[in-house]
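Engineer: Single-letter residue listing:
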Amino acid sequence: MKLVLDHFDKAFENRIRLQIMSVLVANENYDFNSLKELLEVTDGNLASHLKALEKEDYIIIYKSFQGKKPNTTYAASEKGRAAFIKHLQALENLIKQQKI
Amino acid sequence: MKEKEIYTELSSIRHLMERSAKFISLSGLSGILAGIYALIGAALGYYLVYGPYGGLQYRNYYISEQEVLWKLFLIAIVVLILSLATCIVLTIRKAKKKNQNVWNPSSKKLLTSVSIPLLTGGIFILILLLRGYYGVIAPASLIFYGLSLVAGSTYTYTDVKWLGILEIILGLFATLVPGYGIVFWTIGFGILHIVYGTIMHFKYDR
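Sequences listed follow chains A and B, in order.
The first sequence: position 46 = 46 (the numbering used here), numbered continuously.
The second sequence: position 16 = 16 (the numbering used here), numbered continuously.
Any given hint might turn out to be false.
Claimed, not checked - Here are the computed lysine to aspartate or glutamate pairs in the EDC-like style, where the Cα-Cα straight-line distance is at most 20 Å:
| # | chain 1 | residue 1 | chain 2 | residue 2 |
| --- | --- | --- | --- | --- |
| 1 | B | Lys22 | A | Glu92 |
| 2 | B | Lys22 | B | Asp205 |
| 3 | B | Lys109 | A | Glu37 |
| 4 | A | Lys10 | A | Asp57 |
| 5 | B | Lys96 | B | Glu18 |
| 6 | B | Lys22 | A | Glu37 |
| 7 | A | Lys10 | A | Glu92 |
| 8 | B | Lys4 | A | Glu92 |
| 9 | A | Lys79 | A | Glu56 |
| 10 | B | Lys161 | B | Glu18 |
| 11 | A | Lys69 | A | Asp43 |
| 12 | A | Lys36 | B | Glu18 |
| 13 | B | Lys97 | B | Glu18 |
| 14 | A | Lys96 | B | Glu3 |
| 15 | B | Lys98 | B | Asp205 |
| 16 | B | Lys97 | B | Asp205 |
| 17 | B | Lys109 | A | Asp31 |
| 18 | A | Lys86 | B | Glu3 |
| 19 | A | Lys51 | A | Glu40 |
| 20 | A | Lys86 | B | Glu9 |
| 21 | A | Lys10 | B | Glu9 |
| 22 | B | Lys97 | A | Glu40 |
| 23 | B | Lys97 | A | Glu37 |
| 24 | A | Lys55 | A | Glu78 |
| 25 | B | Lys4 | A | Glu28 |
| 26 | A | Lys86 | B | Glu67 |
For the record, the hints were derived by calculation from the structure and aren't laboratory data.
Taking the hints into account, I'd like the entire structure generated from these sequences.
Structural biologist: Structure representation (structure tokens):
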């Protein structure tokens with residue numbers, strides 16, 4: 001059992017962080033407001049979780065302007081993608097182990 | 001974590017990935033209505049060209065006559081505008097019901113990927129009209145419409161891809177048998193839309 005738990009990613013312990021990551025893995029990129037609407041979270045909540053993922057180098061941030069409005073989009077980094085897949089595999093392995 | 005919890009977690013992740021990448025508020029009902037408009041349009045067009053008693057062999061008019069041509073063009077445009085308007089209105093209504101934003105990243109991607117082949121086809125058909133190649137207009141409209149559906153299907157239900165492939169096949173057959181454009185057009189835009197819309201309506205809308 002312990003072996004499996006090692007693969008669990010601390011960064012994904014939080015549900016919203018895991019959700020953010022799954023959206024970014026499924027899409028080329030996603031902007032802040034669309035992410036906020038999709039996950040139904042507040043500005044501050046989303047920003048803090050994005051910051052945590054950025055700290056791990058799991059996501060890449062692109063800042064640009066649409067007219068005068070700042071537009072921030074996010075994309076999953078290679079490292080983040082790999083970590084996400086590993087985390088899902090750990091979850092699936094856990095199910096398999098419990099069945100044995 | 002309990003086994004059940006992991007299952008729900010995994011399925012909610014999968015659901016979220018799909019929901020974020022695909023626009024799933026397209027209305028099935030609008031497909032049925034578009035098919036009905038197309039059938040009415042095709043019947044009017046048929047009446048115009050073949051008269052009230054004609055089979056497919058005897059024509060009262062040939063399409064090359066300017067007056068008939070303009071009437072057919074007008075019918076086609078009205079069918080197109082009505083179908084698009086119905087699709088937009090019903091899709092917005094369905095999105096509101098599902099509490100989904102109509103204007104989101106996936107609907108934007110859907111629109112751009114559909115509009116490139118569709119606009120190319122539209123311009124291509126206008127050029128065919130100008131040059132007088134009337135025989136290939138029905139096949140061209142089916143083929144380009146099919147291509148745009150296949151292009152857009154990445155960002156919405158996969159069923160749309162199958163509708164697109166069927167339209168392309170019909171378009172190719174129509175090119176093979178010139179003179180029966182209206183038959184293929186009626187099948188492609190009328191009957192296929194009604195069948196597809198009905199399937200979608202029962203699969204996703206209820």
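Engineer: Evaluate each hint against the coordinates.
Structural biologist: Results of checking the hints against the structure:
1. Distance check on the hinted pair: Lys22 of chain B and Glu92 of chain A sit about 25 Å apart at the alpha-carbon level, beyond 20 Å; violated.
2. A hinted pair counts as satisfied when its Cα atoms are at most 20 Å apart, and Lys22 of chain B with Asp205 of chain B qualifies at roughly 16 Å.
3. At roughly 17 Å between alpha-carbon atoms, Lys109 of chain B and Glu37 of chain A fall within 20 Å of each other, so this suggested pair holds.
4. Between Lys10 of chain A and Asp57 of chain A the alpha-carbon distance is near 14 Å, which keeps this suggested pair within the 20 Å criterion.
5. For the proposed pair Lys96 of chain B and Glu18 of chain B, the alpha carbon gap of about 19 Å is at most 20 Å, so the pair holds.
6. About 15 Å separates the Cα atoms of Lys22 of chain B and Glu37 of chain A, which keeps this hinted pair within 20 Å; it holds.
7. Straight-line distance between C-alpha atoms of Lys10 of chain A and Glu92 of chain A comes to about 17 Å, which keeps the hinted pair within the 20 Å bound.
8. This hinted pair checks out: Lys4 of chain B and Glu92 of chain A have alpha carbons roughly 12 Å apart, not beyond 20 Å.
9. Between Lys79 of chain A and Glu56 of chain A the CA atoms are separated by roughly 9 Å; this keeps the pair inside 20 Å, and the hint holds.
10. For the proposed pair Lys161 of chain B and Glu18 of chain B, the alpha carbon gap of about 16 Å is at most 20 Å, so the pair holds.
11. For the hint linking Lys69 of chain A to Asp43 of chain A, the alpha-carbon distance of about 16 Å falls within 20 Å, and the restraint holds.
12. Distance check on the hinted pair: Lys36 of chain A and Glu18 of chain B sit about 16 Å apart at the alpha-carbon level, within 20 Å; holds.
13. For the hint pairing Lys97 of chain B with Glu18 of chain B, the CA-to-CA distance comes to about 19 Å; that is within 20 Å, so the pair holds.
14. Restraint check for Lys96 of chain A and Glu3 of chain B: the C-alpha separation of about 9 Å stays at or below 20 Å, so the hint holds.
15. The suggested pairing of Lys98 of chain B with Asp205 of chain B holds, with an alpha-carbon distance near 10 Å, which does not exceed 20 Å.
16. About 11 Å separates the Cα atoms of Lys97 of chain B and Asp205 of chain B, which keeps this hinted pair within 20 Å; it holds.
17. Of the supplied pair hints, the one linking Lys109 of chain B and Asp31 of chain A holds, its CA atoms being roughly 13 Å apart against a limit of 20 Å.
18. Proximity of Lys86 of chain A to Glu3 of chain B is assessed by CA-CA distance (about 18 Å); at most 20 Å being required, the pair is judged to hold.
19. About 18 Å separates the Cα atoms of Lys51 of chain A and Glu40 of chain A, which keeps this hinted pair within 20 Å; it holds.
20. Distance hint between Lys86 of chain A and Glu9 of chain B is fulfilled; the C-alpha atoms sit about 15 Å from each other, no more than 20 Å.
21. For the hint pairing Lys10 of chain A with Glu9 of chain B, the CA-to-CA distance comes to about 16 Å; that is within 20 Å, so the pair holds.
22. About 16 Å separates the Cα atoms of Lys97 of chain B and Glu40 of chain A, which keeps this hinted pair within 20 Å; it holds.
23. Annotation: proposed proximity of Lys97 of chain B to Glu37 of chain A holds, straight-line Cα distance about 15 Å (limit 20 Å).
24. Restraint check for Lys55 of chain A and Glu78 of chain A: satisfied, since their Cα atoms lie roughly 14 Å apart, inside the 20 Å limit.
25. As the CA atoms of Lys4 of chain B and Glu28 of chain A are separated by approximately 31 Å, the hinted pair breaks the 20 Å bound.
26. Note on Lys86 of chain A and Glu67 of chain B: the hinted pairing is violated, with a Cα-Cα distance of about 67 Å set against a maximum of 20 Å.
The structure does not agree with the numbered hints 1, 25, 26 stated previously, though it agrees with the rest.
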